[in-house]
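Asker: Chain residues, written in single-letter form:
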Amino acid sequence: MNENIGVPELEESPLKEHWHSLRQNKTAMAGLIIIVLFLLVGIFSPVLAPMDPLEQHIELRKSAPFTNGYILGTDDLGRDLLSRLIYGARISMIIGVISVSISLFFGVIIGMISAYYGGIVDKIIMRLIDMMLAFPYILLTIVIVAVLGPSLTNAMIAIGISQIPSYARVVRASVLAEKENDYVLAERALGASDRELMFGSILPNCLAPISVQATLGVGTAILDSAALSFLGLGAQPPTPEWGLMIASSKEFITSAWWIVTFPGIATLLAVLGFNLLGDGLRDILDPRLRD
Amino acid sequence: MIQYILKRLTMLLPTLFGVVTLVFFMIALAPGDPARVMLGERASKEKLEKLRADLGLDKPLAQQYTLYLKRVVHLDFGKSIKSGQPVMNEVKERFPATVELAICAMIFASVLGIWIGVISATKKNTWIDYTSMVGALVGVSMPVFWLALVMIMIFSVHLNLFPTGGRINIRYYFSPESNFYLIDTFKYLFQGHPEYFLSALHHLILPSIALGTIPLAIIARTTRSSMLEVLKQDYMKTVRSAGIKEKRVIYRYALRNALLPVITVIGLQFGLLLAGAILTETIFAWPGIGKWIYQAIEARDYPAVQGGIIIISTTFVLINLVVDLLYSVINPKIRLQ
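Residue numbers (the numbering used here), protein chains in the order written: chain D, 1 to 291; chain X, 1 to 337.
Read the hints as simulated data drawn from the structure, not as lab findings. Any given hint could turn out to be false.
As the list claims (entries may be wrong) - Derived lysine-lysine pairs resembling DSS-like cross-links, with alpha carbons at most 25 Å apart:
no., chain 1, residue 1, chain 2, residue 2
1, X, K123, D, K26
2, D, K26, X, K124
3, X, K7, D, K123
4, X, K59, X, K45
5, D, K26, X, K232
6, X, K82, X, K50
7, X, K187, X, K92
8, X, K123, X, K247
9, X, K92, X, K82
10, X, K123, X, K45
11, X, K50, X, K124
12, X, K50, X, K70
Please model the entire structure based on the sequences and the hints provided.
Answerer: Structural data, given as structure tokens:
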């Protein structure tokens with residue numbers, strides 16, 4: 001593409017420039033560090049977890065933190081809480097990435113087609129999207145899971161599907177602005193096909209708002225899957241999923257505070273990481289917000 | 001203006017039609033047989049078929065759909081399988097509980113959120129601003145159901161300050177009329193029983209805080225950025241140069257202009273709360289629409305689920321429409337587009 005534009009030499013690539021402003025942005029960096037930590041914990045959970053997250057030691061159940069050799073204590077079945085949290089990081093990261101990939105994939109295609117072709121196609125698609133947005137988001141997710149049957153996979157699918165409209169809207173809005181540019185006209189005149197124009201030329205220039213939406217979306221997905229599992233519609237026991245861990249701790253709020261507290265803090269931190277990065281990215285990528 | 005309202009209302013019809021269609025087919029195509037759910041695993045074949053015929057489940061899907069559409073137009077959503085009551089009655093009975101909770105949550109979120117937003121904006125880039133904005137980000141990242149449990153653990157179980165759930169002390173017997181307990185118990189305030197009203201209020205506090213946390217964070221952020229935008233405007237310099245006291249400048253002049261986007265956010269969040277109260281209601285044993293629909297989903301009570309979702313979504317769409325219209329009243333630029 002660079003040859004087409006004929007810019008002799010870029011002093012600094014846009015990616016490098018963004019990385020530079022990212023490093024200047026404290027919010028984004030804090031978020032990025034949290035995310036990287038959680039990702040590392042997720043990837044290396046078998047190495048990091050001191051114990052098997054499913055192994056029960058009934059005689060040591062509800063051990064308080066720092067007793068019986070458990071750093072964060074044990075749950076009601078005597079399973080090591082820390083190990084379960086560590087494996088939970090892996091599950092939550094996977095959920096976040098997969099649900100967002102589903103919404104991104106369909107959202108980008110739908111939004112792109114809607115904006116690129118315009119006219120009646122756009123009208124029909126936007127109508128359908130309005131229809132989906134007429135459902136309060138959480139209700140839509142719950143109903144989809146209820147129809148598909150409760151499981152972690154279906155929870156990811158449900159979250160992915162119910163987020164498609166918001167992605168489609170973001171993509172549509174930025175494509176609408178982008179497709180009027182001269183370079184699109186020029187490339188069309190040079191004989192580029194619709195598909196090349198849509199996904200080869202326009203899409204790369206719309207990545208800024210999409211990446212902000214996707215980053216924030218991972219946080220939302222983690223939060224929602226925890227909520228679904230909490231309601232019994234997501235992960236099923238004995239999966240060490242954070243929302244499910246909170247749900248099964250309900251009965252012990254009088255006797256064992258750690259079983260309730262730690263999975264919630266883990267969820268909060270992971271989601272916070274994505275929200276911090278998403279916020280920071282928005283500041284960096286949206287020039288209007290720059291002071 | 002009337003033209004604009006009419007235009008928006010006619011745009012609403014296809015959306016609602018789509019909602020009904022989508023809900024009908026989603027539930028109709030869901031695995032599981034409602035008749036079997038009702039009668040249990042050991043029901044005889046004859047009984048099952050009779051019930052299917054009663055529910056209209058033996059007819060072809062297309063016919064079921066047209067029948068359903070006809071009934072929905074007359075606001076007849078059928079009877080709940082579980083209770084045998086008309087779905088509409090069940091919803092009517094429970095909606096006030098949810099609306100009451102949502103209003104309290106929104107009052108908490110709006111008052112505190114706007115105040116935090118204003119303080120943050122006027123003290124931009126000080127530690128107060130940073131703390132509030134990090135706090136707001138923590139708020140939007142919060143698993144609300146967890147916050148609710150932690151609050152119950154601290155304030156109800158350990159400190160014994162608040163009830164763990166329900167709408168009123170069960171020992172207080174009274175017959176609700178509107179099902180808004182704050183309204184229903186209000187008259188007892190003057191009849192020598194202030195404890196009824198106080199108990200209802202007491203029961204509302206923890207669930208309102210839990211439900212209001214995310215809107216609170218969003219409102220604070222919106223207020224801050226909107227205030228910063230207004231404070232940059234030239235007319236603020238004019239106002240200041242007129243020698244008006246700073247407090248008055250902020251609240252009288254700046255905030256009034258900054259409130260537009262905030263009001264939109266409040267309206268949208270309120271609509272979301274009506275449906276999003278599922279978790280909060282479940283945890284606090286709050287007998288509202290969210291808990292009811294969750295139980296209906298669990299029991300595979302299809303007429304209740306279908307009707308409930310359609311009613312909630314319609315309310316949601318209507319609230320959003322009202323917010324939009326209000327916005328265009330305040331800001332004529334929108335209407336002209």
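Asker: If a hint holds in the structure, say so; if it doesn't, say that too.
Answerer: Verification of the hints:
1. The straight-line distance between the Cα atoms of K123 (chain X) and K26 (chain D) is roughly 19 Å, inside the 25 Å bound, and the hint therefore holds.
2. Straight-line distance between C-alpha atoms of K26 (chain D) and K124 (chain X) comes to about 16 Å, which keeps the hinted pair within the 25 Å bound.
3. About 16 Å separates the Cα atoms of K7 (chain X) and K123 (chain D), which keeps this hinted pair within 25 Å; it holds.
4. Restraint check for K59 (chain X) and K45 (chain X): satisfied, since their Cα atoms lie roughly 17 Å apart, inside the 25 Å limit.
5. For the hint pairing K26 (chain D) with K232 (chain X), the CA-to-CA distance comes to about 24 Å; that is within 25 Å, so the pair holds.
6. Straight-line distance between C-alpha atoms of K82 (chain X) and K50 (chain X) comes to about 17 Å, which keeps the hinted pair within the 25 Å bound.
7. Proposed proximity of K187 (chain X) and K92 (chain X) is supported: the alpha carbons are some 22 Å apart, at most 25 Å.
8. Between the alpha carbons of K123 (chain X) and K247 (chain X) the distance comes to roughly 13 Å, so the proposed pair stays at or under 25 Å and holds.
9. Pair hint K92 (chain X) plus K82 (chain X) holds up; C-alpha atoms about 17 Å apart against a cutoff of 25 Å.
10. At roughly 73 Å between alpha-carbon atoms, K123 (chain X) and K45 (chain X) are farther apart than 25 Å, so this suggested pair is violated.
11. Annotation: proposed proximity of K50 (chain X) to K124 (chain X) is violated, straight-line Cα distance about 70 Å (limit 25 Å).
12. Of the supplied pair hints, the one linking K50 (chain X) and K70 (chain X) holds, its CA atoms being roughly 23 Å apart against a limit of 25 Å.
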